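Read off the chains here:
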Amino acid sequence: MFATLLYNKYLIRELVTRDVRGRYVGSIIGVFWSILNPVLQLTLYTVVFSTVMNMRFGDDPSWGRFALYLFAALLPWMALQEAIIRSSRSFIENAHLIKKLRFPLETLPFSVVFSSFIHQLLGTVVFVLVLIAIQAFNTRFFALVFLLFVFQIVMTYGLAVTVACLNVFFRDIAQIIGVLFMLMFWITPIVYPKNRATGLFQILLNCNPLTHMVEAYRFVFLGNPTPSAWGVLYWIMFSLGAYLVGQFVLSRTRRELVDLL
Amino acid sequence: MKPAVRVSQLSKVYKLYWGPRSLFKEMVLRVPSHQQFWALKEISFEVSEGEAFGIIGENGAGKTTLLQILAGATFPTSGSANVQGKASALLELTAGFHPDFTGRENIYFSGALAGLSRSQIQESESEIIAFSELEEFIDKPVKTYSSGMHVRLGFALATGFDPSILVIDEALAVGDQRFQKKCTDRILNFKRKGCTILFCSHNLYQVKTLCERAIWLKKGRIAAQGVSQEVVDRYTDYVREDESKSPPVSSPAVESDRDSKRQICWIEKTVLSDAEHRPRSEFESGDPLQVDIWCYFGPGFEGIPAVAVALVRNDGVCVYTASSNTAGDSLRQESLHHYHARVVFPETPLLSGRYYLNVVATDQEKLQAYDIVERAQTFTVSSTDRGIGLVRLHHYWIEPK
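These protein sequences, in sequence, are chains E and U.
Throughout the first sequence, residue numbering follows the numbering used here, covering 1 to 261 in sequence.
Throughout the second sequence, residue numbering follows the numbering used here, covering 1 to 401 in sequence.
Some clues are possibly wrong.
Below, a list of computed lysine-lysine pairs in the DSSO-like style, where the Cα atoms sit at most 30 Å apart [what the hints assert, rightly or not]:
#1 U:Lys182 x E:Lys9
#2 E:Lys99 x U:Lys366
#3 U:Lys401 x E:Lys99
#4 U:Lys181 x U:Lys143
#5 E:Lys99 x U:Lys140
These are calculated hints, taken from the structure and not from any lab test.
Here the structure is a predicted model, which is why all the values come from computation and not from measurement.
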């Protein structure tokens with residue numbers, strides 16, 4: 001599958017540019033929406049959870065600290081959610097291309113994943129600049145962020161291909177995905193610290209591989225809290241597993257998929 | 001020469017599901033719940049390198065499915081389809097266009113879709129723009145283009161990246177007439193350069209002139225295969241006959257109600273033969289035809305017996321009607337009420353097709369048809385003439401003074 005992606009790198013590049021630019025074509029501030037959007041969401045969550053509900057990370061009582069912890073987790077989460085939801089419709093939306101040409105199917109979900117990742121990168125740059133400005137940037141583990149990126153993309157891609165294929169057969173998948181993400185948002189420690197959970201809920205959080213992903217991201221940006229090594233390993237295994245599942249689903253459905261579009 | 005396209009025993013079955021629930025039943029519960037639709041059934045043909053090959057047939061005959069399989073978009077259910085080299089699909093000229101992007105950006109995107117690299121596209125870029133005549137507009141969004149500009153860019157794109165196999169699906173009717181001419185010229189150029197062409201069109205004349213060979217698809221099967229001229233002729237025959245079936249032909253007298261109508265005259269027999277009096281039903285264009293008619297003019301008949309023979313093409317177009325002369329001396333009276341008439345057409349420059357004879361028993365006034373026999377004889381005419389129409393008219397071209 002990687003060979004196909006590599007072979008079609010120019011096509012992917014075009015698909016990604018088309019996607020990124022197509023989203024903002026005709027808008028005045030264009031690509032700044034990709035920064036404005038997460039910033040607005042961040043502000044909203046910070047206001048609601050830190051000031052209204054008085055939620056805090058660690059022992060620092062300031063709401064600013066809360067915003068940083070939130071943002072570190074929110075960035076990968078939003079990229080993941082956007083990529084999966086959008087790629088679930090990617091085959092259907094591009095049916096006119098798939099039905100007319102020998103089309104490398106994997107390029108479509110991949111380009112969606114990649115374009116969401118570009119937005120995440122933009123957000124990350126802004127985030128790092130803010131961290132530097134307030135002298136809260138932890139450089140010790142920062143290099144690890146690239147590893148996190150890799151596994152995040154591998155996982156997102158695997159899931160994206162899976163839902164893209166299945167959604168051709170059952171359009172309900174796209175709806176289910178939406179509901180699922182709403183649920184997952186609350187059983188992933190994004191707007192609250194992981195250590196707030198107790199009992200059954202704690203087990204549930206630990207079973208969720210995304211918990212370990214956001215914890216890992218927090219760690220590389222802010223230096224704490226230290227995530228459990230087993231948890232991160234679990235997430236990495238999950239991301240490789242998702243990739244294999246995606247590959248399997250695509251190879252099994254590829255032949256029939258075109259005829260159902 | 002090695003084949004550029006080889007299709008053998010190719011079949012394509014579409015599964016038709018009633019809806020998402022029956023799909024679910026089949027995929028998850030493994031209960032078969034679909035209907036089969038054979039879009040293509042055991043198709044075999046080969047196209048040699050550099051050959052122009054026509055694919056004709058009615059809507060829904062499987063042409064698009066065949067092209068989809070050849071383009072690699074969909075997969076055959078059984079059998080195989082091998083295509084040598086890069087097939088540029090003109091399946092739908094403007095399929096890949098993004099309306100918000102400029103013409104140039106769309107060129108790059110289409111090139112990427114065709115599997116080209118950026119530098120390869122750059123090589124062809126200026127030529128594509130020049131051919132589409134969109135120099136002024138190429139950096140404007142495609143949504144601002146007129147539909148003519150759209151298809152011009154589409155055609156330029158599909159032919160612009162030097163395909164080794166050109167697949168043309170209904171693409172020649174592009175733009176105004178001047179641009180159409182440019183398009184046909186370009187296709188002819190491809191042909192001269194030795195590019196293999198798969199040509200799928202309803203314009204049968206173009207299929208005839210452009211392609212050496214053709215297949216006629218009918219309900220997913222090959223109905224005819226061979227020299228394009230013959231295949232097209234057989235197909236047009238079929239279409240004409242199909243069309244002529246639809247309007248019901250009312251005949252004033254049919255054999256069964258001969259008694260009830262107290263019919264007094266009828267045609268007994270019609271024989272079609274060649275100049276040597278041998279009965280025939282197949283002729284070459286220009287051959288002489290002879291028609292012998294035996295008829296009965298009963299005691300109630302008053303007047304001079306006469307007959308008429310109408311030469312009709314199988315779609316119902318009458319070529320000519322010959323009637324016996326009014327004096328009645330062209331009919332030989334064989335017995336009291338029985339007559340024999342013979343008409344000779346010394347040359348029948350009919351174009352190829354299927355024809356039939358309608359025979360009418362009438363009198364000197366030719367107002368009343370006492371009996372009409374539709375399709376008294378049918379016959380075919382074959383011709384190497386590529387002309388269009390009904391008959392070949394004698395003509396010559398001279399230089400105007």
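Now for the hints, and whether the structure bears them out:
For the proposed pair Lys182 of chain U and Lys9 of chain E, the alpha carbon gap of about 35 Å is over 30 Å, so the pair is violated. The suggested pairing of Lys99 of chain E with Lys366 of chain U is violated, with an alpha-carbon distance near 61 Å, which exceeds 30 Å. For the suggested pair Lys401 of chain U and Lys99 of chain E, the alpha carbons sit about 58 Å apart, so the restraint of at most 30 Å is broken. For the given pair, Lys181 of chain U sits about 26 Å from Lys143 of chain U by alpha-carbon distance, which is consistent with the 30 Å threshold.
Distance hint between Lys99 of chain E and Lys140 of chain U is fulfilled; the C-alpha atoms sit about 28 Å from each other, no more than 30 Å.
Of the numbered hints listed earlier, those contradicted by the structure are 1, 2 and 3.
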